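Trainee: Protein sequences appear in the order of chains P and G. 207 is the number that the numbering used here gives to position 207 of the first sequence; each next residue is one higher, with no gaps. One rule links them: number in the numbering used here = place in the second sequence (from 1) + 1000.
No lab work stands behind these hints, which were simulated from the structure alone. What you are looking at is a predicted structure, and each value in this text was computed from that prediction instead of being measured. Any given hint could turn out to be false.
Keeping only pairs whose Cα atoms sit at most 25 Å apart, straight-line, the calculated DMTMM-like set for lysine to aspartate or glutamate is [what the hints assert, rightly or not]:
1. P:K26 to P:D36
2. P:K26 to G:E1054
3. G:K1089 to G:E1118
4. G:K1089 to P:E197
5. P:K89 to G:E1197
6. G:K1026 to P:D191
7. G:K1089 to P:D191
8. P:K89 to G:D1191
9. P:K26 to G:D1036
10. G:K1026 to P:E54
11. G:K1026 to P:D36
12. P:K26 to G:E1118
Label pairs and their computed distance ranges (CB to CB) [what the hints assert, rightly or not]:
13. P:F210 to G:E1004: 38 to 48 Å
14. P:A239 to G:T1216: 53 to 63 Å
15. G:I1198 to P:R215: 48 to 58 Å
16. P:W183 to G:R1102: 21 to 31 Å
Think of the CB as a built atom: it goes at the ideal place given N, C-alpha and C, for glycine as much as any other residue.
2 protein chains.
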Amino acid sequence: MSDERIWTAAVLVIGDEILSGRTQDKNVAQIATWLDVQGIRLREVRIVPDVEAEIVDALSALRARYDYVFTTGGIGPTHDDITVDAVAKALGVEVVIHPQARAILERYYSARGGELTEARLRMARVPAGAELIPNRMSGAPGIRIGNLFVMAGVPHITAGMLDALTGELEGGAPLVARTIGAWAPESEVADILRAAEIAHAGVAIGSYPFFREGRTGANFVIRSTDADAVAACVAAVTAGVEAAGYTVTDGGI
Amino acid sequence: MSDERIWTAAVLVIGDEILSGRTQDKNVAQIATWLDVQGIRLREVRIVPDVEAEIVDALSALRARYDYVFTTGGIGPTHDDITVDAVAKALGVEVVIHPQARAILERYYSARGGELTEARLRMARVPAGAELIPNRMSGAPGIRIGNLFVMAGVPHITAGMLDALTGELEGGAPLVARTIGAWAPESEVADILRAAEIAHAGVAIGSYPFFREGRTGANFVIRSTDADAVAACVAAVTAGVEAAGYTVTDGGI
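With the hints as constraints, model all of the structure from the sequences given.
Mentor: As structure tokens, this is what we get:
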């Protein structure tokens, strides 16, 4: 599997509300899970404030390193929605009104007895050359320009946009992951995990301790693009942990 | 307030489990909220995988830009816990066993009928010159070295470490934030918000739309270090939104 092309992605979360602690981000987890199914690895996330220069710098750094970059947040109609301007600046293109986005918004508001005010028309602004990502939830579309995807901040709208992109992006072999767990302090099984990872090339083992009901345990996530290697490593870790005197629960605890 | 020193911070989340979507990060929100009370602004977050070079690069970039940097994750006893090595490399210092950390771990495990195995002793490793951050939850302490704070990945352990640091960090005037909300599409009030922000220097207004029970609304968060300016801006936005025909709810919806 070593010569296999690995497709990578980064997420840039644009949002003072996340940095202030007011809002709990939910987009990173949902985009990560979705990318996994597309055979793309999420390799980095950055969260920056609603400041154009910060967004531009982060976008430029991430675009240079990863195959795909997703942004979330800052595409609504208000003064703090500056993502489109920042993306255009990072790409060195103008901001234009997308005719199809304008038509979508006109239909959306007219069906609700409203009209396309100047503030609402802001949501039809895109970097020149962009395509739209459909948004069945609220009219305002997402934006795709090359390998850059501009998504909403509201998680269920981003979910709809991801749905529209499913199967559209080129990816590699999806990671196969299996989780096993034991009511064992991870320090008791650390050597077993280390040895199993070394013995199974291309397999990564994550160890995630927890404390519940006054007891200590850990889940072990075993990942590879090679399902056979995952199965062999799961068997090795299970045997080792059971030999150390703990019951192993398939699927994790 | 313009010549006031502003203290800034970044958080570096170290964790394959967050990037895979398996685990929802909870540390960013809790550190952000805690920083706010200390008068420190969280300005950037990065999430990177358990890869030493990635951690070192991100740490170096963040330390150069912000007053304080917090890391979360990767300080347990297993093979994927490489944060201490990465921090030491970024700082150009050796990794040493901290005698006090060793004594804490010895006491902790001996009280539980266990002993300080080699794997557990890993949790006493620190970059040379570091101090400990007490952890009343699980024995293994956090690490402070200069303005860099190495915290746990498990949120309730990080909460205990933050508690131990409360009041220890130099900060500036805390931000005053007030939230008001209305069952108004944000596109209907965008002009009001924009005008209010321009009219009140040093005040930032965030607009956060939501969809609930089939209806559209938004909360507006008005922030400044100047409480009077916040109050004046809240009054201006309230008057504007009510003049547009919507009821404003103090505290948000």
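Trainee: Would you mind marking each hint as holding or not holding in the structure?
Mentor: Hint check:
Among the hinted pairs, K26 (chain P) with D36 (chain P) is consistent with the structure: their alpha-carbon atoms are about 16 Å apart, no more than 25 Å. In summary, the hint linking K26 (chain P) to E1054 (chain G) is supported, as the alpha carbons are separated by about 24 Å, within the 25 Å threshold. A hinted pair counts as satisfied when its Cα atoms are at most 25 Å apart, and K1089 (chain G) with E1118 (chain G) qualifies at roughly 22 Å. About 24 Å separates the Cα atoms of K1089 (chain G) and E197 (chain P), which keeps this hinted pair within 25 Å; it holds.
With a C-alpha separation of about 24 Å, the suggested pair K89 (chain P) and E1197 (chain G) falls inside the 25 Å cut-off, and the hint holds. Of the pairs offered as hints, the one joining K1026 (chain G) and D191 (chain P) is violated, with about 29 Å between alpha carbons and a cut-off of 25 Å exceeded. A distance of roughly 24 Å separates the Cα atoms of K1089 (chain G) and D191 (chain P); the hinted pair therefore holds under the 25 Å criterion. Between K89 (chain P) and D1191 (chain G) the alpha-carbon distance is near 24 Å, which keeps this suggested pair within the 25 Å criterion.
The hinted pair formed by K26 (chain P) and D1036 (chain G) meets the criterion: a straight-line CA distance of about 21 Å does not exceed 25 Å. Among the hinted pairs, K1026 (chain G) with E54 (chain P) is consistent with the structure: their alpha-carbon atoms are about 24 Å apart, no more than 25 Å. A threshold of 25 Å between alpha carbons decides the hint, and for K1026 (chain G) with D36 (chain P) the separation of about 21 Å falls inside it, so the pair holds. Distance check on the hinted pair: K26 (chain P) and E1118 (chain G) sit about 38 Å apart at the alpha-carbon level, beyond 25 Å; violated.
Range check, F210 (chain P) to E1004 (chain G): Cβ separation about 42 Å, and the 38 to 48 Å hint holds. A C-beta distance of roughly 56 Å is found between A239 (chain P) and T1216 (chain G), which places it inside the suggested range of 53 to 63 Å. At about 57 Å, the beta-carbon gap between I1198 (chain G) and R215 (chain P) stays in the expected band of 48 to 58 Å. For W183 (chain P) and R1102 (chain G), the hinted distance range of 21 to 31 Å is satisfied, since their beta carbons lie about 26 Å from each other.
The structure is inconsistent with the numbered hints 6 and 12, although it conforms to all the rest.
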